[in-house]
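Asks: Sequence:
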Amino acid sequence: MPCTDAVNTSPLLRAAVPAVALAVLLAGCSADRNDQPEASASPVTSSAVPQPTAAPQTTAAPQTTVAPATTAVPQPSETPPATPVACANDDLDVAAGAVSEEGALRRVDVTFTNVSSGVCVLVSYPGADLVTAAGGVLVHVARRPANSAPHLELQPGEKATADVQASAIDTTTGEPCGRVGTLVVTAPNTTESHLLPVNLPICDATISAVG
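Here the sequence shown stands for residues -23 to -1, 1 to 188, numbered as in mature numbering (1 follows the signal peptide of the UniProt record, and there is no 0).
These are calculated hints, taken from the structure and not from any lab test.
One should not assume that every hint holds.
Said to hold, decoys possible - Each computed DMTMM-like pair below joins lysine to aspartate or glutamate, with the alpha-carbon atoms no more than 20 Å apart:
#1 K136 <-> E169
#2 K136 <-> D70
#3 K136 <-> D67
#4 K136 <-> E79
Since we're looking at a predicted model, the values are computed, not measured.
With the hints as constraints, model all of the structure from the sequences given.
Replies: Laid out in structure tokens, this is it:
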């Protein structure tokens, strides 16, 4: 029983103890009660919450730049230039200039013009004859000697020239040449004859290579 209760319930004790002493006694009882240790709260057991483990950082692999594969583009093969072909009959326009006189010599230039759209070649010598009005051959015009057969390339529109010469004097007699003929010319490496409006003496007639 607490001492304060014993004092309060015992009339004999309160009568026998002086008032001062009773006050001291009560104070001591009060102190005894206050000195009782308080019940301590039950310790809260806290379960340790595991902290999330940080995920290991991954080291970024170094970026490797891969050059795109280049595919070699095949270059178009150059087409070799076409080899010019011999001028055909239809590739050429044949014409004659005016007749010039130098003493007993009669001379005329004959032109061969490439009227086609491509390059063509004149090979060898032109042919020529002096003919009658009816077309009969009076004399075959001889080709003048040359070191080699001509090989002349003509661009479209380009011209080549040959000259025809004839003598107004018969060299065997020294007399004037008695006849004249109309000039007929065949271009090199062709077969078509061109009757030209030119009259020449039939004595000692010649035709040159084209140039």
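Asks: For every hint, state whether the structure bears it out.
Replies: Checked hints:
The straight-line distance between the Cα atoms of K136 and E169 is roughly 18 Å, inside the 20 Å bound, and the hint therefore holds. Annotation: proposed proximity of K136 to D70 holds, straight-line Cα distance about 9 Å (limit 20 Å). Under the criterion of a C-alpha separation no larger than 20 Å, the hint pairing K136 with D67 is consistent with the structure, at around 15 Å. Simply put, K136 and E79 have alpha-carbon atoms about 25 Å apart, too far for the 20 Å limit, and the pair is violated.
Against the hints set out earlier in the document, a violation occurs for number 4 only.
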